[in-house]
Amino acid sequence: MSYYVTVMLMYVLIGVISAWGLNLQFGETGVLNFAFIVFVAAGAYTTGVLSLGHPGHGGYQQYFWGAAWPWPLPWIASTVVGGLLGLAVGAISLRRLRGDYQAMVMLVVSLIATYLVSANVGFLNGQVGLALIPAPFQGSLHLSTLGYRWFYLGLTAAFTLLVYEVMRRITNSPLGRRLRAVRENEAAAVALGTNVVATRLLTMFVGGAVAALAGAIEVQFVGAWAPSGWTYPETFGLFAAVLVGGRGNLGGVAVGALLVQGLFLEGTVLLPNIGSPDLIGAVQWITMGVMIMVFMWFRPQGVIPERRKVFDGGGAATRARRFRLPLVPSKVGGGARG
Amino acid sequence: MNQVLSSLGFGIVTASILLPAAVGFTLQFSATNVLNIGFGSQMTLAAFMGYVCTSHGLNLWLALVLAGVFGALTSVVLNRALLTPFLRRGTTFFGMIVITIALSLVLEYSIEAIWGPQSVFYPLPPGGVVHIAGMTFTPDQLVIIGIGIVIALATHALLRYTRTGKAMRAVASNASLASASGVPAQRIVDLAWLLSGFMGGAAGVMLGISISSVSFTMGDTMLIEIIAAAVLGGVGKVYGAMLGALVIGVLLEESAIVLSGAYAPISAFAVLILVLLVRPTGLFASSAASVKGVAA
Amino acid sequence: MRVVEDQLVRQRRDVAGARPGDGALLVVDRLSISFGGVRAVAGLSFEVPVGTIVGLIGPNGAGKSSALKAIGGEIRPESGRIMFDGADTAGRPAYLTARRGLIRTFQLGGEFARLTVMENLLVAVPGIRGQTLLGALCGRRWWHSQQDAEVRRAREILTGLDLRHKENDYAGDLSGGQRKLVEIARALMARPKMLLLDEPMAGVNRSLARRIESTLAGVRDEGIAMLLVEHELGSVERLCDRVVVMANGEKIAEGDMSQVRSRGEVLGAYLGGAR
Chain A
10 MSYYVTVMLM
20 YVLIGVISAW
30 GLNLQFGETG
40 VLNFAFIVFV
50 AAGAYTTGVL
60 SLGHPGHGGY
70 QQYFWGAAWP
80 WPLPWIASTV
90 VGGLLGLAVG
100 AISLRRLRGD
110 YQAMVMLVVS
120 LIATYLVSAN
130 VGFLNGQVGL
140 ALIPAPFQGS
150 LHLSTLGYRW
160 FYLGLTAAFT
170 LLVYEVMRRI
180 TNSPLGRRLR
190 AVRENEAAAV
200 ALGTNVVATR
210 LLTMFVGGAV
220 AALAGAIEVQ
230 FVGAWAPSGW
240 TYPETFGLFA
250 AVLVGGRGNL
260 GGVAVGALLV
270 QGLFLEGTVL
280 LPNIGSPDLI
290 GAVQWITMGV
300 MIMVFMWFRP
310 QGVIPERRKV
320 FDGGGAATRA
330 RRFRLPLVPS
340 KVGGGARG
Chain B
468 MNQVLSSLGF
478 GIVTASILLP
488 AAVGFTLQFS
498 ATNVLNIGFG
508 SQMTLAAFMG
518 YVCTSHGLNL
528 WLALVLAGVF
538 GALTSVVLNR
548 ALLTPFLRRG
558 TTFFGMIVIT
568 IALSLVLEYS
578 IEAIWGPQSV
588 FYPLPPGGVV
598 HIAGMTFTPD
608 QLVIIGIGIV
618 IALATHALLR
628 YTRTGKAMRA
638 VASNASLASA
648 SGVPAQRIVD
658 LAWLLSGFMG
668 GAAGVMLGIS
678 ISSVSFTMGD
688 TMLIEIIAAA
698 VLGGVGKVYG
708 AMLGALVIGV
718 LLEESAIVLS
728 GAYAPISAFA
738 VLILVLLVRP
748 TGLFASSAAS
758 VKGVAA
Chain C
8 MRVVEDQLVR
18 QRRDVAGARP
28 GDGALLVVDR
38 LSISFGGVRA
48 VAGLSFEVPV
58 GTIVGLIGPN
68 GAGKSSALKA
78 IGGEIRPESG
88 RIMFDGADTA
98 GRPAYLTARR
108 GLIRTFQLGG
118 EFARLTVMEN
128 LLVAVPGIRG
138 QTLLGALCGR
148 RWWHSQQDAE
158 VRRAREILTG
168 LDLRHKENDY
178 AGDLSGGQRK
188 LVEIARALMA
198 RPKMLLLDEP
208 MAGVNRSLAR
218 RIESTLAGVR
228 DEGIAMLLVE
238 HELGSVERLC
248 DRVVVMANGE
258 KIAEGDMSQV
268 RSRGEVLGAY
278 LGGAR
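Protein chains in written order, with the working numbering: chain A, 10 to 347; chain B, 468 to 763; chain C, 8 to 282.
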């Protein structure tokens, strides 16, 4: 039971970190990054390759480069790779395209990435993927399997707090305001001197880095990583977490990740044996789909909606009243509305 | 040269499947301004309905038509029962995308729940091959190409020459103006979804015939190809979607000559991205879009 | 009504002092704009001197909005120059022109709907600390005192517009007239040298129009120049120091409103040219 709890908590924390990264891009800045899972995968592969050591001498896995760097170097490398990849993808898809085109191009990019990795065996071991990836300090700490899991969980929790702090500083600062301005009304942001393209690239960079970190953490927990685990629909699961929990709100998004990732893992255990694992998996996804629709209908602003930022006498932003989502676009002019 | 030709043959088949699918996808977008991520799974569902028909002994091509009809009906119902209520509440464009994502999850995994994860098959009639202009086709492939051509011509005829078609174009470009001018917008929208559902359903069966199997995930990759074709021609432009389907379909196959098999699809998508970098609104760019030359 | 700080008055002197000669902040020189073969603006030339309000008027379809959009950088002109504060901005990215002090307002839908009024204003502040990634990561200590100062400045502006009590409302929840005021307030927060106003009186009732007029007059007195596209000719007459009259994409008259309004071409354009 305790073992199971560690697994669930790990997936929740990984999901929370990922969701915060997506929230920065989608919730704060309005970038529909439908290729988000690619950045998670990039982080996972980077850490994998940098932890496995050199391929070759009869090893059955093929991948490029290979090293056995000590922790935390692989994680740092993953974060950098994720950030740079975010910039690259952003530069391609975000510069001149309209919002709906951007979204579709991102989907296409996600598929391209899957193809690229699957097709080239020498790159990242193709369809089979990487396996037997060692976890940090596993040999040196003399802990039981369960004990190590708790250690790793603690490590992950620490990084979760770190990511939280980074996100909090960004969203509460003038930078966060700039991101939201770009989200709300790009043309107005431009008219006030905001370099919208640079702003979007910035969120791709930071969001990509955070996604990659989540991937790095996950890959050393699971020990393996293959293309079947990061197909483009995976991104949709994270979008569900962000939307259900409350986009633009760190606590809300965390709740969303808890619900979406947690609900599924709970669901697997609690569901009676109604059939094959496939059936259970299918029911999970159906439930997620229905849940998304229900939330979008009854609570489109999310479980914990974005909070209104109020400035006190001295100008500090504090917590405030609940946010009332204007469902009708503001371009409908005139008429006093409160 | 042989390879180029034979790949071209496959390319034409693929394009013939993509064309109705891409046109269907585009019709939905131009009628309701919703990017329907669930379209691939709608196609898959219709394909499975076709399977149900054939497993009860019905003729394959009749099953295709029935699948198309099924697709048409489910399409209209989905629009009326799911998408329209959300649109009426003022859900944003991106919110609607998320809803269609949810829809695709529900449809796709319901299919898996009912029929399981393994593939099912249509009973394909045995038959020889036909040689045309240096390319080799099986009879089913020829029928598929034929269906593709018929749908393309019928769509063109509909849009160009019928009042309904003109009404659809009017609704697509300015719905409120159209309805103010007496066009029954709701009926036109229903019709658009009906047609797109039919085309999607037919394309789903055609795909199942072409790749010789029908599985619950077959819509996933297809969806991206559809989107690529639709975007290449310009989102919301039906003729653009047709052209896009042709380009993407042929490219998907031809690139297999130059690149090894697994890489081939990448080239088609890479072409899409290249085109968008140069012409951000697709091949059929409108003049208003090109005025915005200064990137912010 | 003191809407802006001394800093801006100093800025006006700098701007006036630095000008090499004629004191024109904006010089539009033979501007031409086409949309897919249709000529919207042809050979438009005029100037906006420092500290004046120039009105751009004319019947519908005269090309006024297109001209305004090109000046603001939203669209790229076919030919001609647009000199703002000594540099050619034609075809340059709009956000750069805005950073140089040329701020435009929107006729409709320019507000950030799900940001509060105060946040709307704060977004406009140029070069605020904490809006780069590093600045944000440094934490509150790095940027909050400057933000506090800007909040106080914003509150002064809002008080002057009688909007202080709406400070924490979402901009999208305000009435149309209030949103227009927020537009103007926000533009002022950006420390502009010049404003481009796209029909600020459109759809506005008389008393609000008067309020906007007196606000703009006050803004002009603080040294900020304005180019105003407007149909409400009464406001134009009260506010503008000069007007430029356009019809069919060309300038047909220029000068004082009283001089211009009785000229034959102008009357003809309004009576006959309305498309």
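Because the hints were derived from the structure by calculation, they are not lab data.
All of these numbers come straight from a predicted model, not from anything done at the bench.
The beta carbon of each residue, even a glycine, is placed where N, CA and C say it ideally should be.
Among the hints, a few may not be true.
[Unchecked claim] Covered, in the sense of this in silico footprint (three residues per stretch, anywhere, with C-beta under 8 angstroms from a C-beta of chain B), are these stretches of chain A:
#1 109-122
#2 239-250
[Unchecked claim] Between beta-carbon pairs, the in silico distance windows are:
#3 L125/A - S522/B: 57 to 63 angstroms
#4 E244/C - G649/B: 54 to 60 angstroms
#5 N212/C - S640/B: 45 to 51 angstroms
#6 G562/B - R37/C: 55 to 61 angstroms
#7 Q470/B - D36/C: 56 to 62 angstroms
#8 L529/B - L125/A: 52 to 58 angstroms
#9 R99/C - G108/A: 20 to 26 angstroms
#10 D36/C - L744/B: 45 to 51 angstroms
#11 N212/C - G562/B: 33 to 39 angstroms
#12 G562/B - S237/A: 53 to 59 angstroms
Going through the hints against the structure:
Counting residues of the segment 109-122 of chain A whose beta carbon lies closer than 8 angstroms to any beta carbon of chain B gives 10, which meets the minimum of three for the stated coverage. Figure legend: the segment 239-250 of chain A, annotated as covered by chain B; annotation consistent (6 residues with Cβ-Cβ distances under 8 angstroms, at least 3 required). At roughly 38 angstroms, the beta-carbon separation of L125/A and S522/B lies outside the given 57 to 63 angstroms, and the hint is violated. Hint check: E244/C to G649/B, Cβ distance near 43 angstroms, so the stated range 54 to 60 angstroms is violated.
Taking the beta carbon of each, N212/C and S640/B are about 34 angstroms apart, not inside 45 to 51 angstroms as hinted. Under the hint 55 to 61 angstroms, the C-beta atoms of G562/B and R37/C, about 46 angstroms apart, miss the expected range. Restraint check, Q470/B to D36/C: a C-beta distance of roughly 60 angstroms satisfies the suggested window 56 to 62 angstroms. The hinted range of 52 to 58 angstroms is not satisfied by L529/B and L125/A, whose Cβ atoms lie roughly 41 angstroms apart.
Look at R99/C against G108/A: about 24 angstroms separates their beta carbons, and that is inside 20 to 26 angstroms. As the Cβ distance of D36/C to L744/B is approximately 33 angstroms, the hint placing it in 45 to 51 angstroms is violated. Taken as a hint, the range 33 to 39 angstroms holds for the pair N212/C and G562/B, whose Cβ atoms sit roughly 34 angstroms apart. Between G562/B and S237/A the beta carbon distance is about 30 angstroms. The supplied range of 53 to 59 angstroms is therefore violated.
Violated hints, listed in ascending order, are 3, 4, 5, 6, 8, 10, 12; each of the other numbered hints is respected by the structure.
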